[in-house]
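S.K.: Following the hints, complete the assembly by docking chain R onto the known chain S.
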Amino acid sequence: MKRFSAWGYLTFTVWGLGAGMLVRGWRLAALVAVELLFGLFWNREGLGMLTRWRFWVFVGTAVALGPWLGSRAGLDGADLGAAGLPGWWTGLSLGLEMAARALALMLAFSLGMSALSLSDILAVFDRLHLRGLGFALGVAMNLLATLQEMARTTFETIKLRGGLRRPLAALRLFLVTLVTNTLRYGDQIVNAASVRAFDPSGGRRRSLSLTRADLVLAATLAACAAGCWAL
Amino acid sequence: MSSYRVRDWVFVGLFGALWGVVETTLGTYLNVIFPSFTNTFFKGVILGSIGVAVALTGRYFIQKRWSVLLIGIITALLKTLSPGGSRIGPIVAILMQSVLMELVLSVAGRPQIWAYILAGALAVGWNFPHKFVMMRVMYGRTIIQVAQKLTQDGSAMLGLDPSMAFWILAGLLVVRMLAGGVAGWGAWALGGAVSERRTHRQQVATE
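Taken in order, these protein sequences are the chains called S and R. Following this note's numbering, the numbering of the first sequence begins with 1 at its first residue and continues without gaps. Following this note's numbering, the numbering of the second sequence begins with 1 at its first residue and continues without gaps.
Same shape as in the complex, but just chain S (with noise of 0.2 angstroms):
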């Protein structure tokens, strides 16, 4: 369920990011539950990562590098800053931290960004007087299908003309053939705008205004972060 606007969204992912790479140590794991409290009551389309096995291949490496690395670089417990402890627990903390890091940035980042729809990157974008570029963003977004099915056909028709049997002579007319085809599109969708008079720098602009959730939140993650940096 989405609670916060754009603006509650982007300080989330700046704040989970920021925090990500200044932390250590046990406040690493605070952070990330934090950050999964946060999907699981605002976002939980952002915590679909959680479900694929690549993800836990990656995290379980980092996990699993730890001890190795420790015990071939002959690390101990002095250097975490915890003398007495043997070298297979400091590599798996060191182990643990490596994931834990990793976690905390990429739940910030998806948690954040996934929550974010075209339009309300194109009122972000409306907002920093940058309308332009959202116009290019919505002309790459509807165009995207489009270009992947072109460049299929592309290939395929290479390919059954017997094309491939000449691999660069292929790749140059494939590539040529894309671009062109690319930029008559473009050709087209100006002569759409000029028709209607489409001025990306003018017009009224979208209205993505702060509400009152995302000043609750930007309030409780600068406690958040007090907090952490008190302990």
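Relax, there's no trap hidden among the hints.
Here are the computed distance ranges between Cβ atoms for each label pair: (1) Arg198/R to Ala29/S: 55 to 61 angstroms; (2) Asp161/R to Val57/S: 34 to 40 angstroms; (3) Arg198/R to Gly162/S: 23 to 29 angstroms.
Worth flagging that the hints you see were computed from the coordinates, not collected in a lab. Model, not experiment: these values are computed from the prediction. Glycine residues also receive a C-beta, built at the ideal position from the N, C-alpha and C atoms.
M.R.: Here is chain R on its own, set in the frame of chain S:
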């Protein structure tokens, strides 16, 4: 960016989408061949070179400052908005590559082939420090310290001089930069070929 007309914004969107198509289709295909936790060298070089060639070809048709950077921003946003695409590593790489290309092309001023080659070489060459930067950001400084210690141990164990490690790393960087240079040169040639074809088509239409 006030000098940008509708045509420029449309072309920025189109070339951003084209780079996005390369990242999503070819990227997915390469991910199957080279999974992310195995060898990323070939994947990075292939994807980086094609992406850089697309962005530089875009610059050929949008002869305005910041156009390559804007194409990179559009590609990064498409990657962010694609399903399962909120991955921080490729997005940082795309943005850094476009920043490097834009820097070289801005310094060069008017379009010149050496600038395209240098821009391509630097952009694909970024794949090399990218891994270290992302390791530092994602895992923290401890892994760098451990890696340094491991390199020292490894060179002592294998009886190799630590300077050999330097040459191996330098070789990998040079291969990447060569691939990028070829991509830059390819973009220049592709831009010229397409431009010629468009001019020819316009002439035929006029006749």
